[in-house]
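Visitor: Residue numbers (this note's numbering), protein chains in the order written: chain A, 1 to 299; chain B, 300 to 378; chain C, 379 to 792.
Hints should not be assumed to be uniformly reliable.
To be verified - Just a few of them, taken from the derived set where beta-carbon distance is under 10 Å, the chain C residues facing chain A:
hint, residue
1, R456
2, E572
3, K596
4, G626
5, E759
6, Y762
7, G763
8, W773
9, G792
Derived from the structure by calculation, the hints contain no laboratory data.
For every residue, glycine included, the Cβ atom is placed at its ideal position computed from N, Cα and C.
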Amino acid sequence: MNAAAFTRHIRRNLLAYIALLPMAIVVVFAYLGTMLWSVRLSFSSSRLLPKDDFVGFAQYTRLFETSRWVTSLENLAIIAFFFLLICFVLGTLLAIFIDQNVRAESLFRTVFLYPYAMSFVVAGLIWQWILNPDLGIQATMRDLGFPDFVLDWTVNPDKVLYAIILATVWHGSGLVMALILAGLRGIDSQIWSATRIDGIPSWRVYLSIVLPMLRPMIITSLVLLSISIVKMYDVVVAMTNGGPGTASEVPAKFIMDNLFERANIGLATAASTVLLITVLLIMVPVLYSQYFGKNGRAS
Amino acid sequence: MTQSSVSKRPVSSQDIWGRFGVYGFLFFVALFFLLPLYVMLVTSFKSMDRNPPRADLRVAAAFFARRLGQGLDERLYRA
Amino acid sequence: MFILKNAVAASALALAVAMPGAANAQEPLDAEVIHWWTSGGESAAIGVFADAYNAQGGNWQDSAVAGGSAARSAAINRIIGGDPSTAALFNTSQQYHEIVEEGLLNDIDAVAMANNWDEILPAPIVDAVKIDGKYYAAPVNIHMPLWIWYSVDALNQAGIENPPETVDAFFAALDKLKEAGITPLALGGQRWQENSLFSAVLTNVGGGALWEAVYADKDEDAIHSPEFREVIETFIALKPYVDSASPGRNWNDTTAMLINDRAGFQVMGDWAKGEFKQAGEEIGVDYGCIPGLRPDSPYVLGGDVFVFPKTDDAEQIDAQRLLVEVMTDPETQVAFNNLKGSIPIRSDVDVSKLDACAQLGLEIMSDPSRQSPDASQMMAEYIYGSVQDVVTELWNTDMSVDEAVKRFDQALNG
Chain A
1 MNAAAFTRHI RRNLLAYIAL LPMAIVVVFA YLGTMLWSVR LSFSSSRLLP KDDFVGFAQY
61 TRLFETSRWV TSLENLAIIA FFFLLICFVL GTLLAIFIDQ NVRAESLFRT VFLYPYAMSF
121 VVAGLIWQWI LNPDLGIQAT MRDLGFPDFV LDWTVNPDKV LYAIILATVW HGSGLVMALI
181 LAGLRGIDSQ IWSATRIDGI PSWRVYLSIV LPMLRPMIIT SLVLLSISIV KMYDVVVAMT
241 NGGPGTASEV PAKFIMDNLF ERANIGLATA ASTVLLITVL LIMVPVLYSQ YFGKNGRAS
Chain B
300 MTQSSVSKRP VSSQDIWGRF GVYGFLFFVA LFFLLPLYVM LVTSFKSMDR NPPRADLRVA
360 AAFFARRLGQ GLDERLYRA
Chain C
379 MFILKNAVAA SALALAVAMP GAANAQEPLD AEVIHWWTSG GESAAIGVFA DAYNAQGGNW
439 QDSAVAGGSA ARSAAINRII GGDPSTAALF NTSQQYHEIV EEGLLNDIDA VAMANNWDEI
499 LPAPIVDAVK IDGKYYAAPV NIHMPLWIWY SVDALNQAGI ENPPETVDAF FAALDKLKEA
559 GITPLALGGQ RWQENSLFSA VLTNVGGGAL WEAVYADKDE DAIHSPEFRE VIETFIALKP
619 YVDSASPGRN WNDTTAMLIN DRAGFQVMGD WAKGEFKQAG EEIGVDYGCI PGLRPDSPYV
679 LGGDVFVFPK TDDAEQIDAQ RLLVEVMTDP ETQVAFNNLK GSIPIRSDVD VSKLDACAQL
739 GLEIMSDPSR QSPDASQMMA EYIYGSVQDV VTELWNTDMS VDEAVKRFDQ ALNG
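Throw the hints in and build the complete structure from the sequences for me.
Guide: So this is what it looks like as structure tokens:
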């Protein structure tokens with residue numbers, strides 16, 4: 001774009017730019033500004049109140065010497081992997097099955113999507129009741145005459161992550177279903193006619209033709225789910241509060257605890273910076289290929 | 300959805316067993332999704348004198364207190 | 379007062395409400411107090427302060443904020459924003475020291491000196507509130523977080539004659555309870571409760587000297603000493619006496635196990651009394667309290683304080699002084715602490731109005747050699763947080779004693 005073209009471009013879109021200005025200011029100061037500020041704090045020795053000194057990577061060294069942080073990261077990785085996998089598979093299957101011209105389709109859709117309308121707090125509390133050995137399924141089964149029945153996920157350090165994954169999958173797979181279903185409805189019906197004429201089995205059509213066509217939907221749903229899992233906090237607090245011990249601690253909870261309860265701003269901001277970088281490392285390639293890649297929008 | 304668009308939809312499993320599988324799958328997954336709703340409704344209709352709901356309410360109360368900063372109980376101790 | 383006609387009722391009522399203030403020749407001293415005492419017993423307790431203050435001609439304005447750290451943040455934000463409250467409930471932790479260093483508080487030395495606080499307050503409390511020789515906070519109560527409570531019925535069922543007075547007797551009692559099919563030790567598996575249990579083991583097995591050597595001095599030798607190893611081993615040895623439903627349980631649900639005689643013992647602060655009292659239980663008849671398992675077990679002193687934000691307004695300073703006077707007044711102290719479950723900060727009070735456990739506590743506390751600061755006062759919050767993380771991991775995993783010692787060292791000296 002040469003200078004003249006640039007000027008013309010500006011002049012023609014001046015009003016639009018002015019209209020966008022407040023929003024741009026908000027983005028720069030409220031989002032980028034606070035983000036940079038917290039990165040800056042992570043290099044200081046701040047405890048209760050922000051300080052201006054510079055201590056290099058001391059907070060980061062300390063962070064990775066803290067076993068609870070390392071446990072939190074491991075837990076997050078395990079939860080994220082199974083959560084994304086199960087949500088995606090279950091959500092896609094639900095969408096495909098609902099798309100089979102079933103009766104009471106809207107009823108099924110509502111049933112699968114209503115958890116997403118609930119807050120994580122409520123989801124966590126309800127599943128905490130269900131899985132509570134004294135009140136929930138275990139107690140019910142024992143009352144029914146199975147005295148050896150054991151379902152102690154929330155109180156067993158080895159299994160507590162299953163409980164978290166179960167609750168989050170229940171909460172999130174409806175979203176995948178809705179997005180994929182919307183995508184399936186947008187598939188040209190001629191593709192189905194063509195494949196039927198060719199006699200291709202429908203599972204093959206889904207796998208090799210339809211799902212690749214739904215790539216934007218899939219990426220959108222995975223991105224939304226990933227974000228919700230990285231900032232996962234309330235569901236853990238409601239279900240286990242990180243327990244038993246530190247078996248279900250997650251990074252966001254580590255950050256919150258250090259920020260507020262433990263008056264340790266330096267460590268908390270170091271942790272959130274690590275989390276931010278992790279998210280960027282995962283998201284940037286995905287978003288890049290989505291928006292600027294060969295099949296992307298910008299090409 | 301109108302009838303015409305339905306006719307264009309793929310009907311992958313023409314035989315009765317296929318339909319059975321589709322409905323069976325959806326039905327059982329729906330049960331899983333509805334379980335918490337059932338629990339919530341049952342809990343809300345239980346008499347308040349019984350122990351479990353009371354404990355649940357405390358869980359909720361403790362949770363919201365914690366959201367506000369620090370656990371009710373914890374605060375007492377750390378006071 | 380007035381004969382109210384319906385039409386003017388509302389405005390007349392408003393006038394009537396305003397009257398007492400206007401009637402006083404002197405303006406009442408307005409005092410806005412931020413606090414987080416919102417539960418039943420707590421708000422009744424703070425009501426004692428409010429009534430006492432109003433009786434002295436003041437005008438108490440209650441600003442309750444739910445949640446401790448939210449209330450403290452609110453107080454700090456008001457100070458920084460230039461609109462401080464008259465007083466605010468606070469803790470004497472690291473945060474308190476920081477706001478004093480920042481010069482955000484008025485000192486209350488005038489009242490403290492006039493009332494001879496140096497003499498009448500227990501030394502750990504004085505140490506906790508006094509910074510650079512000045513009082514910046516008014517302590518209002520003493521909580522002892524490490525009482526051992528027991529259910530009399532449960533102990534009777536297990537054939538235990540006397541409540542244990544030594545660690546060995548305590549373990550013997552736990553064994554008997556287990557044989558009788560009663561949960562021996564009621565524990566809520568939350569970080570802070572597990573930490574209370576560990577503190578109780580540390581003070582009762584290790585003793586007051588080790589308690590302070592490890593937590594206050596963070597002494598490497600003490601952490602690696604055989605005595606501290608024994609503390610860790612004893613803590614681990616308690617695991618089999620806890621029921622499987624323990625993780626995540628709240629402290630009051632745990633106390634309910636003692637009330638229903640389903641469990642023998644619970645380590646919990648003196649606020650547990652509130653639960654027993656609510657259930658209509660009597661000290662000595664239905665439940666009992668053990669302050670420690672050795673003759674010299676330390677009496678750990680926790681408690682709440684009020685701070686008084688910086689202001690130059692003479693009237694506000696008068697209000698702050700009046701608040702301090704009122705809150706630390708002997709009679710108010712007894713009435714307040716009976717509702718709060720804690721014991722008064724001064725020993726020159728009418729003990730006969732306190733319950734048996736509080737009297738016992740006051741008696742033990744009168745021996746200065748048994749007074750110990752609470753763990754939260756011996757180290758910064760972030761260190762204490764790391765220590766609690768170690769304790770909860772130690773309790774919930776199969777961590778070895780060597781590993782535990784290493785972790786404690788890291789947390790305290792890292």
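Visitor: Does each hint hold? Answer for all of them.
Guide: Evaluated hints:
The closest approach between the C-beta of C/R456 and any C-beta of chain A is roughly 15 Å, which is over the 10 Å cut-off, so the hint fails. Interface hint status for C/E572: upheld, as the beta-carbon distance to the closest one in chain A is roughly 8 Å, under 10 Å. At a threshold of 10 Å, the smallest CB-CB gap from C/K596 to chain A is about 16 Å, leaving the interface hint violated. At a threshold of 10 Å, the smallest CB-CB gap from C/G626 to chain A is about 6 Å, leaving the interface hint in force.
Proximity of C/E759 to chain A holds as hinted, the smallest CB-CB distance being about 5 Å (cut-off 10 Å). Taking 10 Å as the C-beta cut-off, the interface hint given for C/Y762 holds, the closest approach to chain A being about 8 Å. Because the beta carbon of C/G763 sits about 4 Å from the nearest beta carbon in chain A, less than 10 Å, this interface hint is met. Because the closest C-beta pair between C/W773 and chain A is about 6 Å apart, less than 10 Å, the hint holds.
The interface hint given for C/G792 holds, since its Cβ lies 7 Å from the closest Cβ of chain A, which is under the 10 Å cut-off.
Violated hints, in rising order: 1, 3; the structure is consistent with all others.
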